[in-house]
Each structure stands twice: as C-alpha cells, then as structure tokens.
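Position chain H against the provided structure of chain D, taking the given hints into account.
Chains as they are written, first to last, in my numbering: chain D, 42 to 253; chain H, 42 to 253.
Mixed in with the good hints there might be a few duds.
When the alpha-carbon atoms are kept at most 27 Å apart in a straight line, the in silico DSS-like pairs for lysine-lysine are as follows [stated by the list, open to error]: (1) H:Lys-75 <-> D:Lys-144; (2) H:Lys-75 <-> D:Lys-89; (3) D:Lys-75 <-> H:Lys-89; (4) D:Lys-71 <-> H:Lys-99; (5) H:Lys-99 <-> D:Lys-82; (6) H:Lys-75 <-> D:Lys-149; (7) D:Lys-99 <-> H:Lys-75; (8) D:Lys-144 <-> D:Lys-99; (9) D:Lys-89 <-> H:Lys-71; (10) H:Lys-75 <-> D:Lys-82; (11) H:Lys-173 <-> D:Lys-82; (12) D:Lys-173 <-> D:Lys-217; (13) H:Lys-217 <-> H:Lys-186; (14) D:Lys-89 <-> H:Lys-99; (15) H:Lys-75 <-> D:Lys-75; (16) D:Lys-82 <-> H:Lys-144; (17) H:Lys-71 <-> D:Lys-144; (18) D:Lys-89 <-> H:Lys-82; (19) H:Lys-89 <-> D:Lys-71; (20) H:Lys-71 <-> D:Lys-71; (21) D:Lys-99 <-> H:Lys-82; (22) D:Lys-99 <-> H:Lys-99; (23) D:Lys-149 <-> H:Lys-71; (24) D:Lys-75 <-> H:Lys-144; (25) D:Lys-75 <-> H:Lys-82; (26) H:Lys-71 <-> D:Lys-99; (27) H:Lys-215 <-> H:Lys-173; (28) D:Lys-99 <-> H:Lys-89; (29) D:Lys-144 <-> D:Lys-186; (30) D:Lys-144 <-> H:Lys-82; (31) H:Lys-99 <-> D:Lys-75; (32) H:Lys-149 <-> D:Lys-71; (33) H:Lys-89 <-> D:Lys-82; (34) H:Lys-82 <-> D:Lys-71; (35) H:Lys-99 <-> H:Lys-89; (36) H:Lys-82 <-> D:Lys-173; (37) D:Lys-82 <-> H:Lys-71; (38) H:Lys-75 <-> D:Lys-71; (39) D:Lys-71 <-> H:Lys-144; (40) D:Lys-89 <-> H:Lys-89.
Calculated from the structure, these hints are not laboratory results.
Quick caveat, the model's predicted, so the values are computed rather than measured.
Number of protein chains: 2
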Amino acid sequence: MSPVNKFPFMPRALSQLIESFRLLPGIGPKTAQKLAFSTLKMSSEQVKDISNSLANIKSEIIYCQYCQNISENSICNICTDNNRDNSIICVVEEVMDVYVLEKSGAFKGKFHVLHGSISPANGIGPDEIRIKELVNRVQSDSLIKEIVIATNLNLEGEATAMYINQIFSKSEHKIKITRLARGLPSGSDIEYADETTILHAMGSRVNIDESL
Amino acid sequence: MSPVNKFPFMPRALSQLIESFRLLPGIGPKTAQKLAFSTLKMSSEQVKDISNSLANIKSEIIYCQYCQNISENSICNICTDNNRDNSIICVVEEVMDVYVLEKSGAFKGKFHVLHGSISPANGIGPDEIRIKELVNRVQSDSLIKEIVIATNLNLEGEATAMYINQIFSKSEHKIKITRLARGLPSGSDIEYADETTILHAMGSRVNIDESL
Numbered sequence: 042m043s044p045v046n047k048f049p050f051m052p053r054a055l056s057q058l059i060e061s062f063r064l065l066p067g068i069g070p071k072t073a074q075k076l077a078f079s080t081l082k083m084s085s086e087q088v089k090d091i092s093n094s095l096a097n098i099k100s101e102i103i104y105c106q107y108c109q110n111i112s113e114n115s116i117c118n119i120c121t122d123n124n125r126d127n128s129i130i131c132v133v134e135e136v137m138d139v140y141v142l143e144k145s146g147a148f149k150g151k152f153h154v155l156h157g158s159i160s161p162a163n164g165i166g167p168d169e170i171r172i173k174e175l176v177n178r179v180q181s182d183s184l185i186k187e188i189v190i191a192t193n194l195n196l197e198g199e200a201t202a203m204y205i206n207q208i209f210s211k212s213e214h215k216i217k218i219t220r221l222a223r224g225l226p227s228g229s230d231i232e233y234a235d236e237t238t239i240l241h242a243m244g245s246r247v248n249i250d251e252s253l
Numbered sequence: 042m043s044p045v046n047k048f049p050f051m052p053r054a055l056s057q058l059i060e061s062f063r064l065l066p067g068i069g070p071k072t073a074q075k076l077a078f079s080t081l082k083m084s085s086e087q088v089k090d091i092s093n094s095l096a097n098i099k100s101e102i103i104y105c106q107y108c109q110n111i112s113e114n115s116i117c118n119i120c121t122d123n124n125r126d127n128s129i130i131c132v133v134e135e136v137m138d139v140y141v142l143e144k145s146g147a148f149k150g151k152f153h154v155l156h157g158s159i160s161p162a163n164g165i166g167p168d169e170i171r172i173k174e175l176v177n178r179v180q181s182d183s184l185i186k187e188i189v190i191a192t193n194l195n196l197e198g199e200a201t202a203m204y205i206n207q208i209f210s211k212s213e214h215k216i217k218i219t220r221l222a223r224g225l226p227s228g229s230d231i232e233y234a235d236e237t238t239i240l241h242a243m244g245s246r247v248n249i250d251e252s253l
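Here chain D stands alone, though its shape is the one from the complex (with noise of 0.2 Å):
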C-alpha cells in the first residue's frame, strides 16, 4: 500500500517525496516519512543542494578505462597517480571498498572494481562482474606483478576469489596472487569469536615478536 492510499488529504508533492525516499535502500516507509516531512522543516536552499546534488551524480561520475573504479574522468585520480605503485593490484567487490582501503592508509598500490560479486543463487556469474577488465588488464601491463584479492569473506565473495584466482593460475602471464589476512578483528572479544574465525587465526599464528 502506498502513502497516497493511506493518506488522502496529503499533497502530491509530499507522498511523491515519501515514494521517492523508499527507493532509496534500507529506508523503510516510516522513515521516508520521517525525511520528508523533516524538508519541510528545512529552507529552501537545502532542499534545493540535496536535489541538485542528486541530479549531478549519475551525470557527472564515470567510471575509470583502467580500475573501473568511479571517476570524473575516464582515468580516475588513482590511476594516474605516479606515486603508487604498479606493480600491485587490489581487487575488491564495491567502490565503497576502495575507499575504506584507502583511509586505513594500508596500501599503495592500484584497485580493481569488480562491482559485485560472482553468486549463482543471484544469477550473477563471472560476465556480470568485470574480471573480464581484470584480465585484459593484467595481460596488457607486464609491470603488474601481484593481485590482492579483497573481496568479502562470504559465500558469494569466496567464490570470486576462487574464480580469479583460477583464471589467472591457467594464464601464460604468471603473476601472484595473494588475499587479506583472516583473523580476529582488532578490538574483538575472543569470547564472542566464531569457529571459523578461531580456526584462521589459529593456523595464521605469528610470532608474538612480529605481531606487535
């Protein structure tokens, strides 16, 4: 049922916005609500930036030839940075990874966006994602000479990896490929630790010398 049925008496224009917010993910009808009554209560110039905003984004974010990352040209500001290093390639699922990667500070090197990940129950196999640039890439660009693998420790995710990794065993072009470490979380409770976890972090052990 959609507001404009449960409420007769309320404008257009506002059980239009309430419609509009719920195609936004995780935002349920009450806080559709919520937001678009707040605008009401907001002036106009701020309305006004949020739609403008809105408006830009599809139009202005391309995505980089190179990482398939988002970019505002069609080679994005990490690629063409000449203080990284091409030799490694980070491989994630999301854009938003890249940019979680990228304020820990832990690499320098290049990304690769896949923008999913390979899930059969999903219908989503290898073409739906772009391994296809992936290896194009990788075969193009003899300095490339490891791939970190950083796609999500789930189903869908391990199964990517797995896949990449294959592709590029059967290659002639040999280059290593490697995968974040799995362990305990920095802060966790080994109390609250799941087995798998426990089981990784168990036969990863490192000397306590090189672990501080």
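Chain H alone, transformed into the frame defined by chain D:
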C-alpha cells in the same frame, strides 16, 4: 571533518551528495555515505525521481489559510471537505500529527497546526507558533464549539496546552476546551509503565463495561 578531506580521490559529485544527505535530520556520516554510494547502483530514472520530488516539495506546497496544514491550494482538502464536523477543531503541533490522527480514523472534525510548541528554553514563545491564527479563526467562526488539544505529552506540549486554555478561558467567545485522554497505551505492559502514566490511568479509570 568533511568526507572531501577524508577521501581525496572521491569524485566531487559524490562527496557533495554525501554532504547533502547529511543535511537531512537523523542522517549521520555513515548513513549519508551508504545512501550516496547506493545511488551509483540505481537507475538514472530513479535518481532523477528523487531529485525532482525534492525540487518540487518547496514550490508546490503552501499552508492552508485556515488550519495552517500543508496544502496544494490556499485552502486545504480537509478544510474544504463538507462531510467533516465544523464545530470541533483538533490542535496539533506538527503536520505529521494530522496524518497520524487521520490514519486512526478517530477524528472527523477540522485541524489546526501550530508548527511547533512553546519552549522558553529554545526561545520559542507563543508568537513563534501559530496560536494567533487559531485565536483569529475561532473568533471569526461562530460554528466552532470545541477545541481538542492534541499537543505532545512533554514539557513543551503541556505548556502549549496550558497557554491555549488560558487564552480561550479569558475570551468572550466561550468554547469547550478538551484534551486527549491520558492512560496506558494499547498493548502495553503495566510492568513497564511509568509512574505518571499509572497515575493518570488510575485517576481516569472507567467502568469496565465502557472500556471494552
């Protein structure tokens, strides 16, 4: 710190959209980021829908000259509805309250929206909310016989109810002033009810035949 500083490689349109979403109440930096990134996965039409709805909200909505509720015309659909009781006005703080009361189906009179409540702590006196409009309306419309005050049950709502009652008790045009009943909410556990609620529920206890 703005996301622009946090993520130097983020396209300007995206960081601007994150900043824009943060203008909405209850949207923190993490949610704003999540929402902004999600628009990248939406179709251009969907994003345009949201943008247009926002662009329209301020231009298409005005306030009803009688009840101060939001409206598409100078007199709202509730005020022009001849099937409603003209003798009773329900006074609420916010536009949202009108829709909540409408949805309940419990009230078939007219409304008056104050657009706030008296709050000396926040510098909001009786002149900052639409009490004047209520007084003028009641004085010029002899059909009005009762005002049901439905302000919130907090300090500001109580102060507002008290103020309105005082004004009309001094007025020449004698009308009945009522308030929504206080008591235990439906489906609630007595175990978790606060003392004030219990006090009201006990004080206003009704014959069991009337309550079922």
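Checked hints:
1. H:Lys-75 <-> D:Lys-144: This hinted pair holds, its Cα atoms lying about 16 Å apart.
2. H:Lys-75 <-> D:Lys-89: holds, 21 Å
3. D:Lys-75 <-> H:Lys-89: holds, 21 Å
4. D:Lys-71 <-> H:Lys-99: holds, 21 Å
5. H:Lys-99 <-> D:Lys-82: holds, 10 Å
6. H:Lys-75 <-> D:Lys-149: holds, 24 Å
7. D:Lys-99 <-> H:Lys-75: holds, 16 Å
8. D:Lys-144 <-> D:Lys-99: Since the Cα atoms of Lys-144 (chain D) and Lys-99 (chain D) sit roughly 24 Å apart, the hinted pair holds (cutoff 27 Å).
9. D:Lys-89 <-> H:Lys-71: Answer holds: Lys-89 (chain D) to Lys-71 (chain H) is near 22 Å, not above 27 Å.
10. H:Lys-75 <-> D:Lys-82: holds, 24 Å
11. H:Lys-173 <-> D:Lys-82: Holds - the C-alpha atoms of Lys-82 (chain D) and Lys-173 (chain H) are around 20 Å apart, at most 27 Å.
12. D:Lys-173 <-> D:Lys-217: holds, 18 Å
13. H:Lys-217 <-> H:Lys-186: holds, 6 Å
14. D:Lys-89 <-> H:Lys-99: Given that 27 Å is the threshold and the Cα spacing comes to 9 Å, the pair holds.
15. H:Lys-75 <-> D:Lys-75: holds, 18 Å
16. D:Lys-82 <-> H:Lys-144: holds, 22 Å
17. H:Lys-71 <-> D:Lys-144: holds, 14 Å
18. D:Lys-89 <-> H:Lys-82: holds, 22 Å
19. H:Lys-89 <-> D:Lys-71: Holds - the C-alpha atoms of Lys-71 (chain D) and Lys-89 (chain H) are around 22 Å apart, at most 27 Å.
20. H:Lys-71 <-> D:Lys-71: Measuring from Cα to Cα gives roughly 20 Å; hence the hint holds.
21. D:Lys-99 <-> H:Lys-82: holds, 10 Å
22. D:Lys-99 <-> H:Lys-99: holds, 23 Å
23. D:Lys-149 <-> H:Lys-71: holds, 24 Å
24. D:Lys-75 <-> H:Lys-144: holds, 16 Å
25. D:Lys-75 <-> H:Lys-82: Measuring from Cα to Cα gives roughly 24 Å; hence the hint holds.
26. H:Lys-71 <-> D:Lys-99: The given pair, whose Cα atoms are some 21 Å apart, holds under the 27 Å limit.
27. H:Lys-215 <-> H:Lys-173: holds, 17 Å
28. D:Lys-99 <-> H:Lys-89: holds, 9 Å
29. D:Lys-144 <-> D:Lys-186: With Cα atoms ~24 Å apart, Lys-144 (chain D) and Lys-186 (chain D) stay inside 27 Å; holds.
30. D:Lys-144 <-> H:Lys-82: Holds, because 22 Å separates the two Cα atoms, which is no more than 27 Å.
31. H:Lys-99 <-> D:Lys-75: holds, 16 Å
32. H:Lys-149 <-> D:Lys-71: holds, 24 Å
33. H:Lys-89 <-> D:Lys-82: Holds. Lys-89 (chain H) to Lys-82 (chain D) sits at ~22 Å (cutoff 27 Å).
34. H:Lys-82 <-> D:Lys-71: holds, 23 Å
35. H:Lys-99 <-> H:Lys-89: holds, 17 Å
36. H:Lys-82 <-> D:Lys-173: Holds. Lys-82 (chain H) to Lys-173 (chain D) sits at ~20 Å (cutoff 27 Å).
37. D:Lys-82 <-> H:Lys-71: It holds: about 23 Å lies between the C-alpha atoms, which stays within 27 Å.
38. H:Lys-75 <-> D:Lys-71: holds, 18 Å
39. D:Lys-71 <-> H:Lys-144: At roughly 14 Å apart (the allowed maximum being 27 Å), Lys-144 (chain H) and Lys-71 (chain D) satisfy the hint.
40. D:Lys-89 <-> H:Lys-89: holds, 13 Å
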